[in-house]
Amino acid sequence: MKIVGINEKECTMCGACETTCSTFYYKEDDRLKSAIQVEEVEASPGVAIHVCNQCGKCIEVCPVEAITRTKKGIVTINKKTCIGCFNCVGVCPTDTMFWHEELVEPFKCISCARCTKECPTEAIFMEEVS
Amino acid sequence: MAKSIEDMRKSRRALASYDYDQAEVEKGYTGKTLYINISDNTIKSKNVTEQMKDIFIGGKGFGLWYLWNGVKPETRWNDPENEIVISSGPIGGITQYPGSGKSLVVTLSPLTNSVMDSNVGGFFGPYLKFSGWDALEIQGKAEKDIVIFIDGDKGKITIEEVDIDPTASHLVSEQLTELLAENEKDKKNISIVSSGSGGENTNIGILNFSFYDLRRKVARMKQAGRGGIGTVFRDKKIAALAVKFSNLSGRSNNPADPSKIAKTGVKITREINKFDDEQFRMRQIGTANLMTPMNDYDLLPVHNFKYGSHPDAAGLSSDTLRDRFTQNMPDGCWVGCALSCCKAVDNFELKTGPFKGEKVLVDGPEYENAAGLGANCGIFDANYVIEANFYCDTYGIDTISTGTIIAFAMECYENGIINKEITGGLELTFGNADAAMELIHQMGQGKGFGKIASQGVRRMKKIFAEEYDADPAFLQDIGMENKGLEYSQYQAKESLAQQGGYAMTNKGPQHDEAWLIFMDMVNNQLPTFEKKAEALHYFPMFRTWFGLQGLCKLPWNDIVPEGNAQTDSPEKIPEHVQNYVDIFNAVTGKKIDQDEMIRQSERVYNFQRIFNLRLGFGTREHDASPYRALGPVTEEEYESRSERYDKQLKEDLGIDPTEMSITDKIKEMRKYREGRYETLMDVVYERRGWTKNGIPKLEKIKELGIDFPEVVDVVKKNL
Numbered sequence: 001m002k003i004v005g006i007n008e009k010e011c012t013m014c015g016a017c018e019t020t021c022s023t024f025y026y027k028e029d030d031r032l033k034s035a036i037q038v039e040e041v042e043a044s045p046g047v048a049i050h051v052c053n054q055c056g057k058c059i060e061v062c063p064v065e066a067i068t069r070t071k072k073g074i075v076t077i078n079k080k081t082c083i084g085c086f087n088c089v090g091v092c093p094t095d096t097m098f099w100h101e102e103l104v105e106p107f108k109c110i111s112c113a114r115c116t117k118e119c120p121t122e123a124i125f126m127e128e129v130s
Numbered sequence: 001m002a003k004s005i006e007d008m009r010k011s012r013r014a015l016a017s018y019d020y021d022q023a024e025v026e027k028g029y030t031g032k033t034l035y036i037n038i039s040d041n042t043i044k045s046k047n048v049t050e051q052m053k054d055i056f057i058g059g060k061g062f063g064l065w066y067l068w069n070g071v072k073p074e075t076r077w078n079d080p081e082n083e084i085v086i087s088s089g090p091i092g093g094i095t096q097y098p099g100s101g102k103s104l105v106v107t108l109s110p111l112t113n114s115v116m117d118s119n120v121g122g123f124f125g126p127y128l129k130f131s132g133w134d135a136l137e138i139q140g141k142a143e144k145d146i147v148i149f150i151d152g153d154k155g156k157i158t159i160e161e162v163d164i165d166p167t168a169s170h171l172v173s174e175q176l177t178e179l180l181a182e183n184e185k186d187k188k189n190i191s192i193v194s195s196g197s198g199g200e201n202t203n204i205g206i207l208n209f210s211f212y213d214l215r216r217k218v219a220r221m222k223q224a225g226r227g228g229i230g231t232v233f234r235d236k237k238i239a240a241l242a243v244k245f246s247n248l249s250g251r252s253n254n255p256a257d258p259s260k261i262a263k264t265g266v267k268i269t270r271e272i273n274k275f276d277d278e279q280f281r282m283r284q285i286g287t288a289n290l291m292t293p294m295n296d297y298d299l300l301p302v303h304n305f306k307y308g309s310h311p312d313a314a315g316l317s318s319d320t321l322r323d324r325f326t327q328n329m330p331d332g333c334w335v336g337c338a339l340s341c342c343k344a345v346d347n348f349e350l351k352t353g354p355f356k357g358e359k360v361l362v363d364g365p366e367y368e369n370a371a372g373l374g375a376n377c378g379i380f381d382a383n384y385v386i387e388a389n390f391y392c393d394t395y396g397i398d399t400i401s402t403g404t405i406i407a408f409a410m411e412c413y414e415n416g417i418i419n420k421e422i423t424g425g426l427e428l429t430f431g432n433a434d435a436a437m438e439l440i441h442q443m444g445q446g447k448g449f450g451k452i453a454s455q456g457v458r459r460m461k462k463i464f465a466e467e468y469d470a471d472p473a474f475l476q477d478i479g480m481e482n483k484g485l486e487y488s489q490y491q492a493k494e495s496l497a498q499q500g501g502y503a504m505t506n507k508g509p510q511h512d513e514a515w516l517i518f519m520d521m522v523n524n525q526l527p528t529f530e531k532k533a534e535a536l537h538y539f540p541m542f543r544t545w546f547g548l549q550g551l552c553k554l555p556w557n558d559i560v561p562e563g564n565a566q567t568d569s570p571e572k573i574p575e576h577v578q579n580y581v582d583i584f585n586a587v588t589g590k591k592i593d594q595d596e597m598i599r600q601s602e603r604v605y606n607f608q609r610i611f612n613l614r615l616g617f618g619t620r621e622h623d624a625s626p627y628r629a630l631g632p633v634t635e636e637e638y639e640s641r642s643e644r645y646d647k648q649l650k651e652d653l654g655i656d657p658t659e660m661s662i663t664d665k666i667k668e669m670r671k672y673r674e675g676r677y678e679t680l681m682d683v684v685y686e687r688r689g690w691t692k693n694g695i696p697k698l699e700k701i702k703e704l705g706i707d708f709p710e711v712v713d714v715v716k717k718n719l
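Top line first, the protein sequences correspond to chains A and B.
Once you know that position 77 of the first sequence is 77 in the numbering used here, the rest is easy, because the numbers rise by one and skip nothing.
Once you know that position 649 of the second sequence is 649 in the numbering used here, the rest is easy, because the numbers rise by one and skip nothing.
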């Protein structure tokens with residue numbers, strides 16, 4: 001499957017990925033509504049990029065089976081089924097199942113690749129993993 | 001039994017129906033109660049007043065208020081005016097914070113003849129609310145078995161006769177779910193309440209509340225277990241209640257501040273994920289995680305509460321049970337509960353009874369079931385406990401009372417009080433799993449010695465004394481009931497505070513008021529009477545609060561946040577207490593603090609105490625404890641802890657036990673312990689604002705704002 005690959009050394013924290021994601025999915029430029037989030041950290045290289053690696057740990061804790069894996073291997077949330085319990089947020093090993101206080105349902109990266117196209121430094125890119 | 005779902009569908013005959021506009025949920029309340037009288041098939045909507053919300057909050061508070069108004073002082077459990085009230089509470093039904101889908105059931109109990117309340121999971125309470133009703137109040141008695149349907153999608157209530165066999169609760173839940181669901185996906189939108197043949201044949205009938213498990217594709221059940229509510233249900237000839245609501249969302253409860261709820265919910269959900277595996281393993285074993293530590297600390301009830309541990313306890317250890325539960329399932333009894341503790345055994349092949357040979361899902365065993373049906377009866381066999389658990393649930397009998405009843409019968413049998421002639425051939429010795437299983441079937445089916453056992457320990461004592469010449473004093477000592485309700489499964493003997501936590505209660509010895517054993521006995525955090533009394537004020541009030549809101553107590557202290565040990569009162573889990581205050585405010589838009597939280601409970605707690613009084617109970621004499629819960633009754637019991645008891649005689653009483661006979665040692669110990677219990681009662685009553693006779697003082701009820709004329713009248717008559 002194709003996931004968003006990360007090369008944090010190249011990241012300039014320009015925010016293009018976050019803007020692209022939140023603008024496309026939530027029609028507003030709010031990095032906290034982006035399914036990829038960049039954070040300044042102390043540890044080298046000083047940047048952490050949080051984006052789902054499609055591990056699927058969230059699937060098994062969803063009480064209403066709203067989270068499933070597509071044929072292409074991508075983990076998606078059916079927002080009509082989701083009842084907003086955030087169990088998936090609590091269990092996510094990479095902290096990339098995001099939630100926002102204005103939104104009922106959590107959200108995550110579905111490997112649409114839009115952000116990678118906007119990244120000026122190739123700090124994020126699509127990569128094939130098994 | 002109906003031959004098929006289609007036959008059942010054809011058999012439906014409406015006796016009454018009622019169309020309604022579903023009230024919107026506003027900040028946790030719909031403002032409406034559904035009243036149904038099944039004697040004359042009245043169905044009507046009642047307004048929930050602001051005063052009710054302010055004073056009684058919801059859940060058990062609403063139940064008590066409706067019941068108070070529905071019955072007279074002389075009403076007894078099987079009178080038509082007795083009610084069954086089901087209500088969740090303002091917080092009930094939120095999906096973001098674990099343990100927020102409980103229903104509270106209130107009625108007059110056949111065991112205690114007084115007020116009973118029980119807290120139960122499953123989807124019914126939240127779905128009832130989202131269908132437009134803060135509470136369901138059922139009064140009257142039907143002539144023939146009926147089913148009440150609440151269709152929250154269409155806004156329609158019907159009382160119907162349906163060709164359904166009400167004797168096996170798991171089938172009632174499955175069949176009615178099947179009947180109402182349009183397809184497999186629709187089943188999660190349905191919840192059924194039913195009892196079983198045990199509701200007809202015993203005083204310890206339960207109500208099973210269903211919740212559909214999407215992965216297992218089965219309607220599972222949680223139990224409103226205590227005090228014979230299922231017995232009242234079947235006496236009213238209710239076969240089942242069914243609710244359907246299809247539009248559940250994260251905002252169904254329409255809270256004032258959803259973002260605060262989300263923040264608080266995410267915080268604790270992350271906490272559970274981080275710490276549960278190293279703390280209580282609720283997600284792996286549920287409450288049965290307590291089996292090993294209870295045995296290790298000599299607190300597991302063994303042989304009718306004689307002992308606190310057993311060499312064979314490994315047979316029911318926490319890990320043994322974990323290995324029987326299917327792992328990595330979202331086992332919440334309400335959607336979204338991250339603590340996920342309602343574990344189940346899948347594909348269990350039954351060895352006995354009417355479903356022998358069938359492979360079934362067993363909900364549990366929880367701690368109480370394993371401790372009561374197993375350890376307390378001297379049976380350390382997981383297969384037995386799982387099977388007994390299944391049959392208790394489907395017959396609709398309380399596992400806690402059943403465990404305590406069988407353990408009592410076994411001790412009576414071993415003491416020659418009853419024999420094979422009386423038991424109809426059952427050799428009721430401790431550890432005899434076959435005999436215990438047979439007795440459960442007899443109780444559930446109303447046969448043989450089961451007809452005596454199913455009346456409960458209090459009536460068994462009377463029968464054994466009157467008909468079999470047993471010594472009533474000995475029966476009183478070893479019969480583990482208070483107020484007529486059987487003890488739940490903790491060894492309280494070495495914790496004075498817990499002795500009060502069991503018997504100085506409103507409904508009887510159920511650990512949901514106070515569980516102070518560890519604090520008192522293991523951690524020695526309550527060394528004085530005053531500290532014990534403070535704990536016996538604070539914790540019963542704090543725990544009452546869950547029942548007003550539609551909450552489960554477990555996410556309060558079965559997960560502990562980082563840094564808790566460094567707080568001023570780690571036993572209260574201050575961060576979690578604040579979570580609850582925050583959630584209440586976020587749902588209702590009110591602004592309470594931790595003190596007001598306790599006041600909310602105090603109002604309802606004292607009201608319930610006065611309700612007991614109104615029915616002829618609720619005074620000091622009713623808070624007396626059987627001596628088995630206070631200290632060693634028998635020689636073997638004293639000897640099992642002789643080192644501890646001898647030391648106590650020497651250090652606390654200044655008596656040198658060296659030359660004393662065991663009889664004298666037991667006598668001295670008893671005088672001491674009973675004296676301490678009486679002193680504790682004085683101090684606790686004082687702390688609660690009650691008279692020496694355990695009656696809330698007039699100034700207390702005034703201060704709490706529950707000084708309604710009829711409440712004042714009851715108190716005045718008893719002062």
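Wrong hints could be hidden among the right ones.
[Claimed, not checked] Some chain B residues close to chain A (C-beta under 7 Å, calculated; not the full set):
| # | residue |
| --- | --- |
| 1 | Leu248 |
| 2 | Thr264 |
| 3 | Val266 |
| 4 | Arg270 |
| 5 | Gly332 |
| 6 | Gly336 |
| 7 | Ala338 |
| 8 | Pro354 |
[Unchecked claim] The calculated PhoX-like cross-link candidates involving lysine-lysine, where the alpha carbons are at most 25 Å apart (straight line), are:
| # | chain 1 | residue 1 | chain 2 | residue 2 |
| --- | --- | --- | --- | --- |
| 9 | B | Lys187 | A | Lys79 |
| 10 | B | Lys591 | A | Lys79 |
| 11 | A | Lys9 | A | Lys72 |
| 12 | B | Lys531 | B | Lys700 |
| 13 | B | Lys27 | A | Lys79 |
| 14 | B | Lys141 | B | Lys156 |
| 15 | A | Lys57 | B | Lys692 |
| 16 | B | Lys356 | B | Lys274 |
| 17 | B | Lys716 | B | Lys692 |
| 18 | B | Lys217 | A | Lys79 |
| 19 | B | Lys356 | A | Lys57 |
| 20 | A | Lys27 | B | Lys263 |
| 21 | A | Lys80 | B | Lys185 |
| 22 | A | Lys71 | B | Lys591 |
| 23 | A | Lys27 | B | Lys697 |
| 24 | B | Lys27 | A | Lys80 |
| 25 | A | Lys80 | B | Lys217 |
| 26 | B | Lys260 | A | Lys79 |
| 27 | A | Lys80 | B | Lys260 |
| 28 | A | Lys57 | B | Lys274 |
| 29 | A | Lys57 | A | Lys2 |
| 30 | A | Lys80 | B | Lys692 |
| 31 | B | Lys27 | B | Lys591 |
| 32 | B | Lys267 | A | Lys57 |
| 33 | B | Lys27 | B | Lys10 |
| 34 | B | Lys700 | A | Lys79 |
| 35 | B | Lys217 | A | Lys71 |
| 36 | B | Lys187 | A | Lys80 |
| 37 | A | Lys79 | B | Lys263 |
| 38 | A | Lys57 | A | Lys71 |
Hint data in this document are derived by calculation from the structure and do not stem from the laboratory.
Note that the structure is predicted; figures quoted are calculated from it, not measured.
Ideal Cβ placement from N, Cα and C applies to all residues, glycine included.
Against the structure, the hints come out as follows:
1. Leu248: Hint holds; leucine 248 of chain B Cβ to chain A Cβ min 6 Å, cut 7 Å.
2. Thr264: violated (10 Å)
3. Val266: holds (5 Å)
4. Arg270: holds (5 Å)
5. Gly332: At 6 Å from the nearest chain A Cβ, glycine 332 of chain B passes the 7 Å test, so the hint holds.
6. Gly336: holds (3 Å)
7. Ala338: holds (5 Å)
8. Pro354: Violated, because the Cβ-Cβ distance from proline 354 of chain B to chain A comes to roughly 32 Å (cut-off 7 Å).
9. B/Lys187 <-> A/Lys79: holds (19 Å)
10. B/Lys591 <-> A/Lys79: violated (32 Å)
11. A/Lys9 <-> A/Lys72: violated (29 Å)
12. B/Lys531 <-> B/Lys700: holds (21 Å)
13. B/Lys27 <-> A/Lys79: Satisfied, since the Cα-Cα distance of roughly 23 Å is no more than 25 Å.
14. B/Lys141 <-> B/Lys156: Within the cut-off at roughly 21 Å; holds.
15. A/Lys57 <-> B/Lys692: Outside the cut-off at roughly 58 Å; violated.
16. B/Lys356 <-> B/Lys274: violated (42 Å)
17. B/Lys716 <-> B/Lys692: Holds: lysine 716 of chain B and lysine 692 of chain B sit about 15 Å apart, inside 25 Å.
18. B/Lys217 <-> A/Lys79: Within the cut-off at roughly 22 Å; holds.
19. B/Lys356 <-> A/Lys57: violated (38 Å)
20. A/Lys27 <-> B/Lys263: Distance ~23 Å between lysine 27 of chain A and lysine 263 of chain B Cα, so the pair holds.
21. A/Lys80 <-> B/Lys185: holds (13 Å)
22. A/Lys71 <-> B/Lys591: violated (49 Å)
23. A/Lys27 <-> B/Lys697: violated (62 Å)
24. B/Lys27 <-> A/Lys80: holds (23 Å)
25. A/Lys80 <-> B/Lys217: holds (20 Å)
26. B/Lys260 <-> A/Lys79: Judged against 25 Å, a Cα distance of about 21 Å means the pair holds.
27. A/Lys80 <-> B/Lys260: Judged against 25 Å, a Cα distance of about 22 Å means the pair holds.
28. A/Lys57 <-> B/Lys274: holds (14 Å)
29. A/Lys57 <-> A/Lys2: Cα-Cα ~17 Å, so holds.
30. A/Lys80 <-> B/Lys692: violated (58 Å)
31. B/Lys27 <-> B/Lys591: holds (13 Å)
32. B/Lys267 <-> A/Lys57: Since the Cα atoms of lysine 267 of chain B and lysine 57 of chain A sit roughly 19 Å apart, the hinted pair holds (cutoff 25 Å).
33. B/Lys27 <-> B/Lys10: violated (40 Å)
34. B/Lys700 <-> A/Lys79: violated (51 Å)
35. B/Lys217 <-> A/Lys71: holds (24 Å)
36. B/Lys187 <-> A/Lys80: holds (17 Å)
37. A/Lys79 <-> B/Lys263: With Cα atoms ~19 Å apart, lysine 79 of chain A and lysine 263 of chain B stay inside 25 Å; holds.
38. A/Lys57 <-> A/Lys71: holds (17 Å)
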